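K.L.:
Given next are the chains, with one letter for each unit.
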Amino acid sequence: MEIIVCIKQILDPDLPPAKFMVDKERNKVIPPEGIPFVINPYDALAVEAALKIKDEKGGKITVITIGDKSTEDIVRKALAMGADEGLIISDTIFEESDSFAVGYILAQGIKKIGRYDLILCGRQAADWDNGVVGSVVAEYLGIPIVTRAKDVKVVNGRVNVERVTTDGFETFELELPALITVSSELGQARLPSGWGIIKAASKEIPIWSGKEIETDISKVGKKASRNQLMRLIIPSYERRCEFITGEDLHEISAKLTSKLMERRIHE
Amino acid sequence: MDRFDAIVVGAGPAGCASALVMAKAGLKVLVFERGKYVGAKNMWGGAFFGPQINYLFPNFWEEAPVERLVTRHVISFLTGKGSVSVDFKSTDFGIPPYNGFILLRAKFDLWMAKQVEKAGAILATGLKVDDLLVEGEKVKGVKIGKEEFHSDVVILAEGANSLLTQKAGLRKEFSSEDIKQGVKEVIQLSRKTIEERFNLKGNEGVAMEFVGLCTRGLPGGGFLYTNKESLSLGVVAQLSDLIKNRVKTLDLLEEFKTHPEIGKLIEGGQTVEYSAHLIPVAGLGMIPRLYRDGLLVTGDAGALLLGTGLILEGANFAIASGMAAAETVKMAKEREDFSQRTLSHYQQILKESFVLQDLETFKKAPKFLKNARIYHLYPELIVEMAEKIFRNNGEPRKGTFRMVREVLKGRISIWQLFSDVMKARKAI
Amino acid sequence: MKVEEKLALNKFDVDKEVHITVNEEGCRDCELKPCLYACPADCFVLREDHITFSYEGCLECGSCQIACAKGAISWTYPRGGFGVCYQYG
Ligand SMILES: Cc1cc2nc3c(=O)[nH]c(=O)nc-3n(C[C@H](O)[C@H](O)[C@H](O)COP(=O)(O)OP(=O)(O)OC[C@H]3O[C@@H](n4cnc5c(N)ncnc54)[C@H](O)[C@@H]3O)c2cc1C
Ligand code: SF4
Ligand code: SF4
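Protein chains in written order, with our numbering: chain A, 1 to 267; chain B, 1001 to 1428; chain C, 2001 to 2089.
Derived by calculation from the structure, the hints in this document are not laboratory data. This one's a predicted model, so the numbers in the text were calculated from it and none came from an experiment. Certain hints may be false.
To spell it out: a stretch of chain A is covered by chain C in this simulated footprint if at least three of its residues, at any positions, have a beta carbon under 8 Å from a beta carbon of chain C; those stretches are [stated by the list, open to error]: (1) 4 to 17; (2) 27 to 38.
Derived contacts from chain B toward chain A, CB cut-off under 7 Å, selection only [as the list claims (entries may be wrong)]: (3) Tyr1037; (4) Ala1106; (5) Gly1120; (6) Ile1122; (7) Ile1144; (8) Glu1255.
Restricting the straight-line Cα-Cα distance to at most 27 Å, the calculated cross-link-like pairs of lysine-lysine (DSSO-like) are [stated by the list, open to error]: (9) B:Lys1409 with B:Lys1363; (10) A:Lys57 with B:Lys1192; (11) B:Lys1107 with C:Lys2011; (12) A:Lys24 with C:Lys2011; (13) A:Lys19 with B:Lys1107; (14) C:Lys2033 with B:Lys1367; (15) C:Lys2002 with B:Lys1257; (16) A:Lys19 with B:Lys1257; (17) A:Lys19 with B:Lys1228; (18) C:Lys2016 with B:Lys1143; (19) B:Lys1228 with A:Lys28; (20) A:Lys52 with B:Lys1146; (21) B:Lys1143 with A:Lys203; (22) B:Lys1114 with C:Lys2070; (23) B:Lys1118 with A:Lys203; (24) B:Lys1114 with A:Lys19; (25) A:Lys211 with A:Lys57; (26) A:Lys203 with B:Lys1114; (27) B:Lys1409 with B:Lys1370; (28) B:Lys1114 with A:Lys69; (29) A:Lys199 with B:Lys1024; (30) B:Lys1351 with A:Lys203; (31) B:Lys1367 with B:Lys1244; (32) B:Lys1244 with B:Lys1172; (33) A:Lys199 with B:Lys1107; (34) B:Lys1192 with A:Lys19; (35) B:Lys1172 with C:Lys2011; (36) B:Lys1388 with C:Lys2033; (37) B:Lys1192 with B:Lys1167; (38) A:Lys69 with C:Lys2011; (39) C:Lys2016 with B:Lys1244; (40) C:Lys2070 with B:Lys1228.
Ideal placement from N, C-alpha and C gives every residue a C-beta, glycine not left out.
With the hints as extra help, turn the sequences into a complete structure.
P.N.:
What follows is the structure, encoded as structure tokens:
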């Protein structure tokens, strides 16, 4: 069983609001200096899903990510959890790629890896929440896809998936190879063991360039982006508190009513 | 792969120093750090003094995240009425190899740990060592949950709250008399404002200590360090006195921030972090046994730091002790003997270095520093004296001696004062 | 500035496992209640006449355990990787 898991490095979603900043001019998030990026929690669940299959059936798990050398940390995290190999695809030509381009790059990387039975992704990245990449990868590879899985099992060379719906779940059975995106309902990603962390620390992680995965330059980078970010702002909330006083309940409720009426009219 | 020459617990200055020296000597070293990343759990006041760190990382300031150099020291006595300060500037301090470095620990510790990794040690973060593996009398490694990790020697560099040192039977329970608590805010201000307000240029920086009102006269003090684009402002107080007087450091820090002298320095700043940490300050008397078969204790875990009041130095002691532990392990490795007899060499190195010598020199300081008059009465006397000296109300002035007598009258006898001064001379 | 406001500035990865527990039996006849003054994060609060403790804002300093003379606090660090994560320190 050859499993490939696509993972992404994101800003720590547990950041307190005060540490979250954007550069309004350049429409960019400013990462807080010194706080390391983390593995997208949905992707960690995809690793977990892969590990569960490996625990039961054996096999090999390769994690793959796009980014510079700093993404090594999240690859090591997945290795520490129990993945077997890690791989980084890195090139300046990929900068400012949108989800479609990212899907293309991953698909090229996966093609170069060559052998795979199952590809797992998170249902979306917890930073931009687009949830597109998995589908694009499947499209480029021409394999079936089920999104938002809460359970993934390999039975007799096929994969059984439970897909989360608003009021329950649907069950699918697919031929391999297939791509599944994993949802939070899958449960909890395991914590790496001590020995897992130690072994992962000294593991070689190859870095492939755009050329090595035979990138078509017209499909990546800013120029190839199909969507464009117009404006990035942090919404501000304001809370005001006003005490309404009066002689008796009648007066207070009358005042309250007229206050509410006033606001209705104005806003 | 599954056995190490040395396991180090904690990636603070003590742990990083020992791991670096051992890894450079070709030993197989594993470092455990419980923080999510190195530095995540560490805070301090602000400045590193002395050459120790330069022995470890020559010319480190060229690439390490140093905030500013300490080119100016200020010591202030604060009362409700005003303050008297000693302001010491030295241009020498701005010339390599420099005298002091203002650092933020989360950033700096991470940098140190990267150097340790580069030297070949394995760094495992997000892992808390729960226990030591002991066989008979010998320490054989450490335990994390159900997992075991074996090594010839374990170096404890776990910091002030030394749970493993205690579990190893090397120290007794702490008493609140032995411990100070430090709290601090990092307050963001623009670089320009900081440089204007503190009269600094380029990478110059100032270290300020405060005595008196900032602890409501309780033993301890306040501090302020200028970072690149923020200030580190904090209060340190004796835990036993906080409890006895029903005072919280939280409240002391808030009061400190609103003192007019401080208020004008932090004006317009925005707090971006709040942190707290303990300091083991009882001096020689609280140092645990620093070694046993297969085990060495370094840095704050060994209470190896100096708190004489005006000086709070721990990081340089931590580095020196970490390096001494590493040298000892190197020797033990050559002899393939990790018994306490060989490891006692560690104590010997410390005795010959400033680590234990300074602690010996200042051994009376901890007791002396509990004298409440230092924090309560003397700042008031000093400020009042200054006021009398400088005030010109049109009347003929009195001689200095008469002024001193007037200020002292009814508050402290000349003999008491004399005795405190003599004690101070011996203690600090 | 209130303590909640200060703590809200810090990054915490709060563990589901509790790392400090207080045996409130011991608190009943503890007159001075030192933990109230020892904790820099106000994790101990006096509600009417009993102590309530919450570990979420804990700065892991260790003061409470040293301060509590009754031995009512069982104290350890959070599991590796959890708890407070300073950005500056
Ligand atoms: C408020 C305050 C102000 C200070 N100001 C100064 C100053 O200006 N100058 C100065 O020189 N010194 C100062 N100090 C002292 C200085 O910070 C310490 O002496 C120094 O940090 C000690 O280094 P260490 O490596 O021994 O311990 P620490 O720096 O505390 O490092 C211990 C490390 O061990 C880790 N750890 C603990 N237990 C475990 C475990 N079980 N498993 C895995 N990892 C573990 C911790 O997460 C931490 O990273 C100050 C201290 C305080 C509290
Ligand atoms: S000090 Fe200990 S016994 Fe007393 S109230 Fe606090 S936790 Fe309870
Ligand atoms: S460890 Fe420190 S911060 Fe945490 S509860 Fe105890 S006193 Fe409060």
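K.L.:
Would you mind confirming whether the straight-line C-alpha gap from A:Lys19 to B:Lys1228 stays at or under 27 Å?
P.N.:
Measuring from Cα to Cα gives roughly 18 Å; hence the hint holds.
K.L.:
Measure nothing beyond the straight line between the CA atoms of C:Lys2033 and B:Lys1367; if it is 27 Å or shorter, mark the hint as holding.
P.N.:
Cα-Cα ~26 Å, so holds.
K.L.:
Is the Cα-Cα distance between B:Lys1143 and A:Lys203 27 Å or less?
P.N.:
It holds: about 23 Å lies between the C-alpha atoms, which stays within 27 Å.
K.L.:
Grab the minimum C-beta distance from B:Gly1120 to chain A and call the hint holds if it beats 7 Å, violated otherwise.
P.N.:
At about 10 Å, which exceeds the 7 Å cut-off, the nearest Cβ of chain A leaves the hint on B:Gly1120 violated.
K.L.:
Does the structure keep A:Lys19 and B:Lys1257 at a Cα separation of 27 Å or less?
P.N.:
Holds. A:Lys19 to B:Lys1257 sits at ~22 Å (cutoff 27 Å).
K.L.:
C:Lys2070 and B:Lys1228 were given as a pair; does the straight-line alpha-carbon distance stay at or below 27 Å?
P.N.:
Violated. C:Lys2070 to B:Lys1228 sits at ~45 Å, over the 27 Å cutoff.
K.L.:
Has the given pair, C:Lys2016 with B:Lys1143, been kept, meaning a C-alpha gap of at most 27 Å?
P.N.:
holds, 22 Å
K.L.:
Are the Cα positions of B:Lys1107 and C:Lys2011 separated by 27 Å at most?
P.N.:
holds, 15 Å
K.L.:
Quick check: the stretch 27 to 38 of chain A, covered by chain C? Criterion 3+ residues, Cβ under 8 Å.
P.N.:
It holds, with 4 qualifying residues against the three required.
K.L.:
Could you grab the alpha-carbon distance between C:Lys2002 and B:Lys1257 and see if it respects the 27 Å cut-off?
P.N.:
Given pair C:Lys2002, B:Lys1257 holds - Cα atoms ~13 Å apart, limit 27 Å.
K.L.:
Does A:Lys203 lie within 27 Å of B:Lys1118 when you go C-alpha to C-alpha?
P.N.:
Status holds; Cα separation ~14 Å.
K.L.:
Quickly compare the C-alpha distance for A:Lys19 and B:Lys1107 to 27 Å and report which way the hint goes.
P.N.:
Since the Cα atoms of A:Lys19 and B:Lys1107 sit roughly 16 Å apart, the hinted pair holds (cutoff 27 Å).
The earlier numbered hints that this structure contradicts are 5, 8, 9, 10, 22, 25, 30, 35, 36, 37, 39 and 40.
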